[in-house]
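My request is simple: use the sequences and hints to build the entire structure.
So for the sequence shown, numbering that gives the first Met the number 0 puts the first residue at 0; every next one is plus one.
Because the hints were derived from the structure by calculation, they are not lab data.
Beta carbons are placed, not taken as given, at the ideal position from N, Cα and C, and that holds for glycine.
Treat each hint with caution, since some may be false.
[Unchecked claim] Within a straight-line C-alpha distance of at most 27 Å, the following computed BS3-like cross-link-like pairs (lysine-lysine) qualify:
1. LYS48 x LYS20
2. LYS53 x LYS25
3. LYS25 x LYS70
4. LYS25 x LYS73
5. LYS20 x LYS73
6. LYS20 x LYS53
[Stated by the list, open to error] Here are the computed distance ranges between Cβ atoms for each label pair:
7. GLY80 x TYR59: 28 to 38 Å
8. ASP69 x GLU43: 13 to 23 Å
9. ASP50 x LYS74: 39 to 49 Å
10. GLY44 x GLY80: 34 to 44 Å
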Amino acid sequence: MVAKLLNEDAVYEIIVELYAKERTIKDLSQEFNVSRQVIALINEGRAYKMDYYKYPIRTYQDSLIIRERDKLKKKQEKRSGNTS
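Here's what the structure looks like:
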């Protein structure tokens, strides 16, 4: 598999999304068409590191909270019949 190179704008967008803590790493990897490992490496500052950012951007605990929030949201949507 050939690794996809990200341009500076895409890396910046990923960093912004990581700080926002609204979406999972899996969601971000699908949107930007890269592996979850690439998103994790960006999060840790081990790949595509940009100056002026504190790494890691998102902690492991943050990721757990986001996943649990998403699970709860999906359960609530299922109960209400809204699957959008």
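Hints violated by the structure (listed by number, smallest first): As far as the earlier hints go, not one is violated by this structure.
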